[in-house]
Each structure stands twice: as C-alpha cells, then as structure tokens.
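Start from the sequences and build out the full structure, keeping to the hints where you can.
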Amino acid sequence: MKKSKILHQEQGVTPLTLSLNQWGFHEKYSFPHTAPLKFDYSFLEHHEDTSTNWYGDLENFTAMGEIIIEKLKNDKNYSTQVLKEEISLGKKVIKLSDKIMKEDLTKFNKAKLAKYIGKLYQAGKDLCGVGFVAVVSDLRHYKLSTLLKDIIKKKVEDLKLNININEAFSILITPIKNIFARDLKLDLFELALIVSRQGKSDLAVNDPRIKKLKEKYIWFDFGYVGPSHDEKFYVEEVKEILTMGNIESRLAEAEKELELFAVKQEELVEKLQLSEVEQNLFKGARDMMYNKQYRTETEFKMFFALDLLLDRAAELLEISKVNLHRCSLYELLDILAGKLDIQDLPVAGRKQHCVCIEEPGKKFFYLTGKAAEKYLAENVAQEEFNINTTSVHGMVAYIGEATGKAKVVLTAKDIDKVAEGDILIAVQTSPDFLPAMKKASAFVTDIGGITCHAAIVAREMKKPCVVGSKVATKIFKDNDLVKVDGNNGDVIKLSC
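What the sequence shown shows, in my numbering, is residues 148 to 643, in sequence order.
Among the clues, some could well be false.
Stated by the list, open to error - Here are the simulated lysine-lysine pairs, DSS-like style, with alpha carbons at most 25 Å apart:
(1) 307 / 296
(2) 418 / 324
(3) 418 / 300
(4) 266 / 246
(5) 332 / 379
(6) 152 / 621
What the hints assert, rightly or not - Across the chosen pairs, the derived CB separations fall in these ranges:
(7) 521 / 256: 40 to 50 Å
(8) 413 / 520: 47 to 57 Å
(9) 221 / 178: 15 to 25 Å
Treat the hints as calculated values from the structure; they're not laboratory data. Glycine residues also receive a C-beta, built at the ideal position from the N, C-alpha and C atoms.
What follows is the structure, encoded as structure tokens:
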C-alpha cells in the first residue's frame, strides 16, 4: 500500500468527535462529486495533549480537488447546488440538535440515549459527506487558492493595475452570506449601545440580557468538546465594545459590512476584467468558504447536543465522560446496550496516543501502544522540511503587517501566555483559541487554506494572517521578535 501523508491537523478534538468528520468524508454523499475517484482510506493519529494528525493518500486527495475545481470552472451553478445540498442536510442536524437540547434527558434510559446518539452521528456524517467537497477543493494542496491568485496576478500585470493581489484575493473569496458569528457580533453591539445610552460602563453577570445572550449562543464556538462560554465571556465582550467607543457608527458599519463587500467585489470584477470562467471560480470559492463555515457552525451545535447526551450516558453508566470520548461510535452504542464493558477497552492508552483507522467496508478500529507505533512506521511517509531558517512563507489569509513577540500555541492550555500585541503561532487554530486570537496582533499557522479557522477569524477580526507555512511552530520560539508581512505572506524572525 502507498504510504500516507499528512492531510490536516486539529486541536481540541477526541477520537469520538473527529472520527465523525473522517467517517463522513468517506460516506456516499461525497462519491458523486469526486467520481471517478473515491476517498477510500484515511486514519487519525491522536495525541490528547497536543494535536490530532489526519493521514491519507495526498496524491489521490489532490486529484479529487482538481476534479472539483474543473466543475467550478465549467458550471456556474455547481457550487450553488453543493451548498443547497449541504444546507438541506444541515437543517436535519440542527432540527435534531434543537430537539435534544429541549428534551428532559433525565428521563432518557440507555436505549433511548443510544437511539439519539446514533441518529445524531448519522446526520452529522451525512453533513460531512457533502462538506468534503469544500474541504478537498483546497486543503493541503491549495490548488484553488493558487489558481485564483495567479488569475489576479496576471490581470494586474497585463492591465498594469495598481492593485494589491492579496487584498483583492481576500475580498473576492469572502462570502456575502450571514453566519452566526456575525449575528453574535451585531447582538453584542446592540446591547452595548443600549448600555451606553443608559450611561453605564459595565454589566453584571446576572443581568437578564446577558443570560438571554448566553442561552441564544450557548452552543456557539463549543467546538468538538466544549466548554460553552459562560456569562463572564459576554460581559467582557460588551465591556470591550463600550471601551472602544463610537458604538453607534461602528454598529452601522457592521450592519452594512456585507453590502459594502458586495460592492467591492463587483468593482474588482470590473477592474480585473474577469472572464465568465474566472468569475465562476471566484464564486465557487466563496460558496466553498461559506459551505465550510456553515458546516462548522452546524457541527458545533451538534457536538453541544452530543455532549448533553454523553453527560446523561456517563451518569447512567457511572463512568467518566472523558472515557466515552475515547470510544468509537460502535463501542459507545455497545456499551449502552450492555454488550461491552468499557473496562475491557484500553481507554487509558488511547488518551496518550492512538491511531483511529477507517477502511472501506469495515468498522472504525483503534490501535494503541507498540501496535500504533508500528502502523505509523509502516504507513506514514516522512516529509522533510528545512527548519534551519529564520523565515517562513505561506498563504495570505488577510493582509496587513504586525511585529511582536512570538507565542507558540499548540493547545488551548497555552492560550494564557498570549499577551496584547503578540504574534500567535499555531499548527492550526480552533474555537478555544479565540481569547488568545483577540489579544494577538497577527496569526501564523503551519497548516490550513482559505477555508481554515484562522483565515475565517482573521477576516472577521481584520488581523494579518499567514496560513499554510508548514513549519512556523518549529522555526519560532516563544518571545522571538517576529514580523508578519501579511501583504506578501512572509514571516520573519527579527531577533531571539
């Protein structure tokens, strides 16, 4: 068998939660889009204290991405159809998640828990099946991003335009569609405006309006394992807006943000004289980005609902919820059915290091200890990178420049070391990194493309961001003085 290469890395996940994505990517909903190719095989290497690596056939993965790109070129309706299918599946996930969140789970027995967990997992897998289209279009190989930037670069050169390529790229790929992150932003501004007009500069954590916000967004940014934001988070968000001032004008600006972006996109299309095929590609990229954002937010609601079910399962089984997260779906369902005793599973070994394998026609299975090490040695192709350098280059996710102290954040446990103005450097960011991302002046990641979490947050926060550097976390150390050139994609160590 051909040796696998790393496709992606994640933080803040568990074998139970991330395997849903992996499993879904291999499901039937992705097959029609990548035909005649199929994504048959991949595996996860899980380290609970660091990150989870996702391995697969990179050449096959890249070839599937090229198939999607050709469809985006030749069919202006393709990305719209994919997004429509994804939203349809997402509505099923949301409906089931909302139902679970409203249920009195103290009345659920083991059989009913198993039924709901199975349904939720299947709905999530279906969602990820179509979501794979957006993932494979650019992840790791960056074929779509590179093609789009090359189009802009050639137009700028041929037409002798005074246009920043990376800025134009960022504008043209930004989806003009609403997401929950924007809803939360507007709700926070509106509450801050009310508080300001009342002559106040703060809110109490027990304020009914804070409670209402928390209830509305309790699942938002839950991630794969939580926890949810508490009341203090919303109080601090409102307080920050009050401190910045000019609330009314900034709220009006936020409300018109999508409209203004649409105008900027139209102006760029005209200036760059984009052909129909080129416009199809940029529209497709916007739809793929929104597809990823929509799936991510929908999954966070689903994982919040799953967490409620796991709380009840842990109570009935009289075991730790943490250990349930180290099970596969099949193991979890068998435990609830009384067919399997969790004491017979090597969950402690899975905490430290395990390999989760998905093969066609087989159930998920795990390897730990020496068996896991042997499997990785036999199946992973080692990639060599130059780490004897003082700079890295990556893809610009948001333009701008920033200089500050580097802070390497490998897990959520590291976020407290990030101070105002620091440069956050990570393998990849995740929702539990957000407190640190608000303080940081720029973001740099080893992995990720135009649809990754860091890129999305950077565009929302308007902070310089360079993604896909491959080795930033290995080159830079805490407190190195670093310059992030978000105009050209360079990250440079100025001093140690």
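Evaluated hints:
1. Our distance criterion of 25 Å between C-alpha atoms is met by residue 307 and residue 296, whose separation comes to about 16 Å.
2. Using a Cα cut-off of 25 Å, the hinted pair residue 418 and residue 324 holds, with the two alpha carbons roughly 23 Å apart.
3. Between residue 418 and residue 300 the CA atoms are separated by roughly 13 Å; this keeps the pair inside 25 Å, and the hint holds.
4. This hinted pair checks out: residue 266 and residue 246 have alpha carbons roughly 12 Å apart, not beyond 25 Å.
5. For the hint linking residue 332 to residue 379, the alpha-carbon distance of about 16 Å falls within 25 Å, and the restraint holds.
6. For a cut-off of 25 Å, the pair hint linking residue 152 to residue 621 stands: about 18 Å separates their Cα positions.
7. At roughly 41 Å, the beta-carbon separation of residue 521 and residue 256 lies within the given 40 to 50 Å, and the hint holds.
8. About 55 Å separates the C-beta atoms of residue 413 and residue 520, a value consistent with the hinted range of 47 to 57 Å.
9. In this structure, residue 221 and residue 178 meet the distance hint of 15 to 25 Å, their C-beta atoms being roughly 20 Å apart.
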